[in-house]
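Work out the full structure, taking the sequences as your base and the hints as a guide.
Here are the chains, one letter per residue:
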Amino acid sequence: MNRRFALLIGLGALLAGRIAYAQEATIGYAGLPSKSTGESNTGIQIADGVLLHAGFGVEAGYDTNVFYSPTNTIGSSIFRFMPYAELTNATRTGPVSRELSFDVHAGVQYRHYGNSVVSNAGYADAWNPNAGLSLSLGGAQFGLGIADVFARVEEAPYANNVGTGGVPPTGVGIERNNNQASIEGRWSPGGGRLTTILRFTNMVNIYDQNSLQSYAFANAMTNTLMLDVAWKWLPKTAIFLNVSQSFVDYLNDAAATMNQLASSYPLYVTTGLRGLLTEKTAAVLTLGYVNAFYSDGTSTSGFLGSTYLDLAFTVRPTQLSRVAVGYRHDFINAVISNFAYEETVYASYVQQIAGRLALDLSGRYAYLSYQGETGDPTQQGRVDNYFQIGATLDYFLRNWAYLGVGYSLLDNRSNKPNDEYLKQQVFARLGVTY
Amino acid sequence: MVKTKLLLATIFMGGTVFAQGPAPEAPPAPGSPPGNQAGSSVDLSVKQRPTLTPADMVNQSKEYFTGMGGVVKRIQTLQDQAKREKDIIRLNCVTDKLVQARVNVNIAEQSMATMQESIARNDEGEQTHEFTRLTIVNQKVTVLGAEAENCIGEDLSFVGATRVDVEVDPNIPQYDPTQPGSPFIDITRPPSASPID
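Taken in order, these protein sequences are the chains called A and B. Sequential numbering from 1 applies to the first sequence in the working numbering. Sequential numbering from 1001 applies to the second sequence in the working numbering.
In case anyone wonders, no lab produced these hints; they're calculated from the structure. Heads up, a few of these hints could be off.
Said to hold, decoys possible - Okay, the calculated beta carbon distance ranges per label pair:
| no. | chain 1 | residue 1 | chain 2 | residue 2 | range |
| --- | --- | --- | --- | --- | --- |
| 1 | B | Arg1189 | A | Gly192 | 36 to 42 Å |
| 2 | A | Trp187 | B | Arg1189 | 34 to 40 Å |
| 3 | A | Leu320 | B | Ile1089 | 40 to 46 Å |
| 4 | B | Ile1089 | A | Arg398 | 43 to 49 Å |
| 5 | B | Ser1182 | A | Leu287 | 19 to 25 Å |
| 6 | A | Leu430 | B | Gln1076 | 55 to 61 Å |
| 7 | A | Ile353 | B | Lys1073 | 52 to 58 Å |
| 8 | A | Ile146 | B | Arg1189 | 26 to 32 Å |
| 9 | B | Arg1189 | A | Val204 | 15 to 21 Å |
From the three backbone atoms N, C-alpha and C, an ideal C-beta is built for every residue, glycine too.
In structure tokens form, the structure reads like this:
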């Protein structure tokens, strides 16, 4: 993969806000990276087979709607700075061993709003740390992988419900801690045509209990067991069967019940095709059965409610460009009711120009229909039409340093006027990813 | 009828007699010198006396040296070419020819020196001997040059170890797109809510 594309679609966008992933494309504004691109010709070799990557990103710009308000919007200058460090066992010539690979990284994002109205409300500064590690063992037939990712995100709250004059009261920020650990075993007997992956994932999602508007009632632990069997009928194309069973438990049952949230046991049984359709076109075509199995209240039902559909296409018209489009029909676990049906379409276009410029354009539309009882009766029957656009244009001074500009748009059109907002951000940015 | 047959037989017999040449001479007795053969006009001895003058020999030898120098240069060119092409088989062959050619040139130089000395001494036998040596060496160098040229064909007859070259379209991604995606951490901003406490 081209290094600049890798940089643009890397994992580093974790803290940039609402990012959706479509196969290998990042939808929405691609923020500052929090880890290196995985290239072996950067980094400092600190021991045999151990490379230290380090970098930072700086963004400065303007946010038109800090508090996601439908009216009385508060705009502010915004500044973000994110240093990071990463250790891998890659060498200058590639991975040191196919049998063992590891990656450990940590970073922190500092965000500052310059408007005094924002700072007086107590939301000027935020520290968002993140860390992760991954370890992979094994050979061609058997393999074991362990991974853990942690992120804390502190965001300015919504002003629509509890604020006055477009400014929420002090100390009601959305502070979220998320940790996800996973372990998987891989088995590919014979020549590797048949691949089986058994993966267990544990995710803990904790909101800080800091105010009336806290989402702490939705604190939850999700355990997921997944079995994926894929048969490659071509070297880069496979048909698969995937079975996934999750267990979603709210950690504070009383608060969750009061807000109409119930534990659930989502089951997915899907099949389809993954891989290349042609040399330039890759696809993920998935169709299957889904049932949320909520323990109380409304659950997924009917033909559409029991159907999962994911169609994703990635086309590389040239070696310097990539187009991704997709559609997904699914449901998501929600915090204002048990769940919402979600219809999503998205598109992404990445183009490298003259070997130095990298352009990334993407957009997404999501239709969210919240189902069942809501904790707040005024939210009953809520339907959101969520639009998201992201654009970046970066000039690479070196393969590890770039200057660029970025634009982000978040627009929510809802049948609940209080929940509508339009938020735009523009940035000038500088990044070093050595 | 009888007369006719007799006439024909007489004609044939007469013809046969006339067609025969003179009878061969009896071989000389063992030990008798050739010159003593009465009536012998054929000289069957090997000529030891050169037909070239000493000056001609020297000039001819110089031409030999010019030719041999050209052959050695040509083999060196072939050697450099083989080095550039990293053709080890051909390089070994050409180098072998070059070494042999140089040894022969050295021999020729020695013969040339000896011949010039013998000319100075007016030693006709020595002159002839060294000139003959030079001629033979020159022929050997010429043959080596031809063999060096033929080294080109040796790599064609050498198949070598089987090698499989796989060309992958650069558009094809290096990662395995058939694998399920890794779980990603969900930090999507939650929708606005007015929770009940």
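These are the hints, each one checked on the structure:
{"no.": "1", "hint": "B:Arg1189 / A:Gly192: 36 to 42 Å", "in the structure": "holds, 41 Å"}
{"no.": "2", "hint": "A:Trp187 / B:Arg1189: 34 to 40 Å", "in the structure": "holds, 38 Å"}
{"no.": "3", "hint": "A:Leu320 / B:Ile1089: 40 to 46 Å", "in the structure": "holds, 43 Å"}
{"no.": "4", "hint": "B:Ile1089 / A:Arg398: 43 to 49 Å", "in the structure": "holds, 45 Å"}
{"no.": "5", "hint": "B:Ser1182 / A:Leu287: 19 to 25 Å", "in the structure": "holds, 22 Å"}
{"no.": "6", "hint": "A:Leu430 / B:Gln1076: 55 to 61 Å", "in the structure": "holds, 59 Å"}
{"no.": "7", "hint": "A:Ile353 / B:Lys1073: 52 to 58 Å", "in the structure": "holds, 54 Å"}
{"no.": "8", "hint": "A:Ile146 / B:Arg1189: 26 to 32 Å", "in the structure": "holds, 29 Å"}
{"no.": "9", "hint": "B:Arg1189 / A:Val204: 15 to 21 Å", "in the structure": "holds, 18 Å"}
Checked against the numbered hints given earlier, the structure satisfies every one of them.
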